[in-house]
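Undergrad: Chains as they are written, first to last, in my numbering: chain A, 1 to 369; chain B, 1 to 584; chain C, 1 to 329; chain D, 1 to 340.
FYI, nobody ran anything at the bench for these hints, they're computed from the structure. Some clues are possibly wrong.
[Said to hold, decoys possible] Just so you have them, the derived chain B footprint on chain C, three or more residues with Cβ under 8 Å: (1) 49-58; (2) 76-88; (3) 96-108; (4) 177-185.
[Unchecked claim] Here are some, though not all, of the chain C residues that point toward chain D, as calculated from beta-carbon distances under 10 Å: (5) L26; (6) Y62; (7) F66; (8) M157; (9) R290; (10) P324.
[Stated by the list, open to error] Here are the simulated EDC-like cross-link-like pairs (lysine to aspartate or glutamate), alpha carbons at most 20 Å apart as the crow flies: (11) A:K77 / C:D144; (12) B:K445 / D:D84; (13) B:K51 / B:E135; (14) B:K237 / C:D82; (15) C:K48 / B:E135; (16) D:K48 / A:E150.
Think of the CB as a built atom: it goes at the ideal place given N, C-alpha and C, for glycine as much as any other residue.
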Amino acid sequence: MTTVTEAAAAAKDTTDEAPYLEVENLTVRFKTEDGVVRAVDGVDFSVQRGRTLGIVGESGSGKSVTSLAILGLHNPKSATIGGRVSVGGTDVVGLSEARLRKMRGKDMSMIFQDPLTSLHPYYKIGTQIVEAYRIHHDVSKSDARKRAIEMLDRVGIPEPAKRVDQYPHEFSGGMRQRAMIAMSLVNNPDLIIADEPTTALDVTVQAQILELLADLQREFRSAIIMITHDLGVVSQVADDVLVMYGGRSVEYGSAAQVLRSPHHPYTWGLLNSVPTLYGSAEEDLNPISGNPPSLINIPSGCAFNPRCKYAMLGDGPCDKDVPQLAPVASDEGHLVSCHLPEGERITILNEEILTSSHLQSRSEETDGE
Amino acid sequence: MKRRNVAAIAATLSAALIVAGCSKNKGDDGAGDNGQYETRNSLIGTAEDSKGPAPEMPGGRKGGTITFLQNNDFAHLDPAKVYVSTFSATANLIYRPLTTYKETLLPDGSIEMRLVGDLAVDPGKNVKNDCTVWEFTLKDGLKYEDGSPIKAADIAYGVARAFAPEAAAGPHYIQQWLAGDKNYNATYKGPYNGGAKVPPGVTVDGDKKITFTFNSPHCDMPFAAAMTTTAPVPEAKDTKEAYDSVPFSSGPYKIKSHTRGTSMELVRNEHWDPSTDATRHQYPDSFVWKFGSDIVATTNRLKTDEDPNMATYAGVDPAQSAAIWTDPALRKRSIAGSTQFVWYLNINTQRVTDVNVRKALNIAFDKTHYQQLNGGPPAGEIASTVMSPTTAGYKKFDAFGVPPAGDPEKAKTLLGGKSVKLTYAYGNTPVGQQIAAAIKEDLAKAGFDIELVAVDAERYYDVIGDKANKYDFYISGWGADWPLGSTIIPPTLDGREITDQGNYNSAYFDNAEVKTEIDRIMKLPVEQAAPEWAKLDQKIMTDYAPVVPLLYDGAFSLYGSNIGGAYLSKVSGCVNPASLFLKS
Amino acid sequence: MFRFLIRRILLAVLTLFAISVVAFGLFFAVPADPATTMCARGCDQVTKDQIHARLHLDDPIYVQYFDYMKGIFVGREYGAGDWKRDCPAPCLGFSFRTDEPVMDIVKRSLPITVSIAIGAWIFELLIGVTAGVFAALRRGTVFDKLAISLSLVGAAMPVFFFAAILLYVFVFGTGILPFPEYVPISKNPLAWAGAFILPWLSLALINAANHSRLGRAQMLETLSEDFIRTARAKGLRKSKVSLRHALRAAINPIVTMAGLSLGGLLGGAVITESVFGMQGLGMQTVTAARELNMPLVMATVLIATVFIVVANIVVDVAYAALDPRVRLS
Amino acid sequence: MSGTMEPMVTETAGPGVAVMAEIPEAEARKFVGLSPGKLAWRRLKRDKVAFWSFVTVVVMFVVAYGAPLISLLYGKDYTTMNSDLLDAYGRPLGYLNGVSGEHWLGIQIGTGRDVFMQMIYGMRTSMTISFVSAVGAIFFGVVVGIIAGYFGGWIDAIISWFIDFMLSFPFLIFAMAAVPIFANVVVGEAKEVPGWINASFLIMVFLIFGWTGTARLVRGQVIGLREREFVEAARASGAGPMHIIFRQLLPNVWAPILVSFSMAVPAFIAAEAALSFLGIGVLEPTPDLGRLVGQAVATMQLDGMWMYLLVTGGAVFLLVLAFNLFGDALRDALDPKSSR
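Please model the complete structure; the sequences and the hints are all you need to start from.
TA: What follows is the structure, encoded as structure tokens:
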């Protein structure tokens, strides 16, 4: 199989510059009995080969819905998808199921959050990998099996020839996630969407898995979307970061921009709510007060306004107008959607946020990267 | 009491009493046929009557196979155990007792029945003329299915077998008469385990002569000898338990195969000589019994004439009997008429001592309603006598002169306007329940206050047969073992028959005058006794009213369109297979 | 696996034993005298006594129970002397009604019940599971709504009513089919099927309601599982996702229900037999219970229980065979 | 019906809250912030099937228990035998089964009683038996379930085996054999058996066999709850078993109990009808639906008698259907997850 891998790698080299994935004004809406759910509302981003985009947000912010929309996995009967999603030059929104199917797994692949529920409990690991491989490669079962063992080996599973015949429940959590990754990467996809791949794992294993992904990315030059609510993970692996809230993107820029000099109050909140190794134990965490918004009844104006310490209410625009994602004048390539004037944001950032040890240490961490 | 199929007894309590009449294919409404039994020249036939062959059935033809549909297999075919009438009607094809009934179809469609010799040359010789010694001589040329001759010793062995405790299911008349004791096998227990091959009181003289000697007179012996107890069983062929499924043939048909509960096939017995047999025919090549077809299925198959060569002993599905009864085309393919059974309301005379209350019950009872609830005329004709119209000497009378629907006003007057509280017990079945509700409502009109008590249907006869029962009236049926008053009035209305349990006299009627009269008639020769029983019947009803006669049980069943020779046998109360043939 | 089976079987034997004790005790507590049942009306005391002696009815009940159980395993003899009756194992005694070995009655009525049960079972699974699975796959469509409505109707329909309607429509009303008559399958398979088609339909269409409700719910549940999303993300075609992944995962509860349903059918075909006039084990039981024919009732209760207990074990084993996560130990 | 009588408490995809599932559950949960009770009530109100089945159930209650009043207005009772309206064979005169302006649904074959009256009084019998049985069986099931679940250990092992044992009993066969025996043992001779005693035999059989499903369900729930924090907390603060059972556990299992009950009622109605159809059940003169169907099936081949079958069989069907639908709706409302 090495020939295939090399050929694929060679092919990827030629298309370096243009983003492999481009998402423009993506909207995803669900019709429910209780009303229309605007799960994703006008999101733009792009990822190039060999680069990693981190999508950050609380549960319900629309991260996973976005990724499923890219793969076209939503039920067309209940979900309405708008905007443009281009994968390797093909617009996948509104693409026929048959053509989408051919792209899934091969051009774009997904690593799911919980490998225990995401792997079929009744089929052997090997069988599931073989199946994934044979969908896109017309090879014999024994060849596919060899490939599966090779992949298991590649993702660091000991005794792959034996493990290939075991069931998911016989694997440990980390091994299961490795197997999941092996299955996702078996066809050398150009785009990998990893949906919270390490959430369920302990820290050591988490680090190993991230390391593995990075290795594989170096090898195959894949574009990766890393969906997570864990800023630590993002700072470790992402080149660019997209922060989502209430189905919209609230901040977008390079990892350094978003994590070191965030401009959105929500991002500040996120950063403040994360404990770090460097933080002192006495210092209280500052979780964001309140709950994520109902996607049926998104607060008017800025979706974050009910929870925002700095919201300009009453006369202010925060509960009236929806802020647009706009460039930060002082920081090129950094986009943010906030009604606060830029000057005020920089003041708050410098005087309140960066002084907190959380963000300090976080920034240092990022620096080190 | 002659037993009908046990299932049929349950059915009478549950569904309908089925039957009546007796005419062959009259095709008209069939009601009001009962006059035909009234005249009888001579009940007991002569040696001449006993000679074979039997007169041909009009249109009788040989060949083919007749299929009988039946729900359950014959519980017994062993001659010592056969008692139920459908069993004996079938056994009649296979083996022959000493005497039998010769039924002659008269031009007017009625039947003349006469007791004749079967294996015996005549219906028995009353040697001492006091009914204590009976001698039977066998005909010549009698053979079993293997061609070996039938000997008198085989008949003695057959009677001996009936003493065995294991064979207790059959009738006990001859055993009890020989032993002179109700508990007939206290000392002699049959030819098994070293017992004598010839029972006490029986003597065999050569191959042809057998004599029965009793301690007391039993003038009914020729009739008792017509039961299967006297059928011959060669000792070598006695397979004991297995004999119940495959008895050895001395009649026109032998058993080719018998799969319990599934089917039985009878084929011609080539060694049977028609010239020795005054009553049987051998028309079809074979008979096949198919078991497992319940009454509804059987009725539907015969109704649609699915197989025109089919017949059954079973009555018509009670739910459909009215529709079939009134359909002229189907009536042409049916037998219908009264059987020897009569249904009564027994009044517990121990508890209801006031004869006026008993009379009032007789007067107030709505027999039409009772008949309607049982399915109307097909269930039977409305009765007014204790004895069935099939009994010798039967005379119709109506002791109270009220319409069948009763006369509540007249009853009320008789009761003097007072309310009488009585308890009615009934077998717990759907129709039993409806009848109970109807009786309560109807009798209320005459001032009766009836309490209804449901009794588990299976224990019903046990309960009402218990002398100490707490009920005032209840329904039961009675069927004579032979068509004489002597098997009706003494067992059911003689106070000396009352025991603590298992009573047939469930009216617990004990009257000195009646007992004296019974003793007198019992000593009379059969022919003279017949009209005397009828007179006694009328006297009991008029003076003491211990029962309310309800219905003369009716038989009503269908047969296929290709079957000829079907008539309602007065002996069995069902079709007689020995006369059937296929028309084409 | 082996140890599980052993334990399961031991437990089943304990259950069977307990049921046999309860049933025996209850039936023999009936006040009616079996001897009366055996010789109907006109039974004199002599005959009764003889029956009592022959069937050992005067023994204490525990002795009778012991003899009965002994008969099942090693056979027993009834009576003594020349008329001694041998009843080889498994001896279920003799019918109080016809004096026939109960085993013979069972042998000829069981095929009828089994024919009804197996046929109905196959039909109900085919109809029910297919309808349920397709309804789930085509959720919200007319087909789905129809399947839901029909299964609601089926779940509320009394078997005796539905069977009667079928009988009326196909036999009495139109004469399309003759009145059902049992023919052994060995004799004429076509006639056999013809006789059973209405009983099958009447049970299958009603029981299919349960299977389709369960099948639909299970399929919907698995269709919302993460591994189905995974399968689709791999690029599998929909049909493969539905059958190979979803149905495979939904099959376990369906198999469980199917197994229990078969056990229930064998024990509960009574009403169908009653409406169609078939002399299956169920009808034998009704009649026997009504006639207080205890040996036959006892036998049918035991047989029905064995079916249910065995069905339960089979379901457990099938469950383990189908789900690699289940370890039987 | 199958061998056992456990009320169905599994599955069913009722209408109602179906579409929710498409949204990843984590997200769905976020925006529905109503209390479970309010939510249930909202769903129930919105469910048209639930509404109409509820109305039907109420109407049936009114008709069944208002039977004497209806009888008064209708001018017929259920006992009068109109033998004058039957022919000599006991068949109803006139159209169908004697349908007329006087007797709207005709008269009974054989007895000539008014079918409409027999039916609504029969409904009353069926519903009373089913309700009392359901209440008793559920109560018994809850008690046993809580004992097994709460105490665990060998008590649980014995109870669980006993439940398996009960479920292995061929219910129908056993009921057939046992009902007449009850009757023989309980009622002395020479006494008219009042209708209620008769009905209580059936109730007893239903009680004996009907509690197992609920017991299993409650046991499972209690085992789940037993280790939960609030129970632990109560136990840690020294609460006795009674307090924990009544104050902590019971309030948390009422929803499945209610659903069990709503499913048990139609199951018992159907079982009662089946037993009566087979001739085991309440006796004349107490009216009964199953017995009416039994008579109708036996006579359905006669001209016009299909009407009798349709009316009586249809009544059983509708009764069970209405209760089933209402039970489904109730379950969907109380436990939306069950209707995926």
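Undergrad: Hints first: check each against the structure and report whether it holds.
TA: For each hint, the structure was consulted:
As drawn, the segment 49-58 of chain C meets chain B at 4 residues by the rule of a beta-carbon pair under 8 Å; at three or more, the given contact holds. With 5 residues having a beta carbon nearer than 8 Å to a beta carbon of chain B, the segment 76-88 of chain C meets the requirement of three or more and the stated coverage holds. Chain B is given as covering the segment 96-108 of chain C, and this holds because 7 residues of the stretch bring a CB closer than 8 Å to a CB of that chain, at least three being needed. Three residues within the 8 Å Cβ limit are the bar, and the segment 177-185 of chain C against chain B gives 5, so the coverage statement holds.
Satisfaction of the interface hint for C:L26 is found here, the shortest Cβ-Cβ separation to chain D being roughly 6 Å, below the 10 Å cut-off. Interface hint status for C:Y62: violated, as the beta-carbon distance to the closest one in chain D is roughly 19 Å, over 10 Å. Proximity of C:F66 to chain D is violated relative to the hint, the smallest CB-CB distance being about 21 Å (cut-off 10 Å). Interface hint at C:M157: satisfied, since its Cβ lies 6 Å from the closest Cβ of chain D, which is below the 10 Å cut-off.
For C:R290, the interface hint holds, the least distance from its beta-carbon to any beta-carbon of chain D being 7 Å, beneath 10 Å. Proximity of C:P324 to chain D is violated relative to the hint, the smallest CB-CB distance being about 24 Å (cut-off 10 Å). Between A:K77 and C:D144, the direct Cα distance comes to roughly 15 Å. Compliance with the 20 Å bound is thereby established for this hinted pair. Simply put, B:K445 and D:D84 have alpha-carbon atoms about 16 Å apart, close enough for the 20 Å limit, and the pair holds.
Straight-line distance between C-alpha atoms of B:K51 and B:E135 comes to about 18 Å, which keeps the hinted pair within the 20 Å bound. For the hint linking B:K237 to C:D82, the alpha-carbon distance of about 14 Å falls within 20 Å, and the restraint holds. Between C:K48 and B:E135, the direct Cα distance comes to roughly 32 Å. Violation of the 20 Å bound is thereby established for this hinted pair. At most 20 Å may separate the alpha-carbon atoms for a hinted pair to count; D:K48 and A:E150 exceed this at roughly 57 Å.
Hint violations for this structure: numbers 6, 7, 10, 15 and 16, all remaining hints satisfied.
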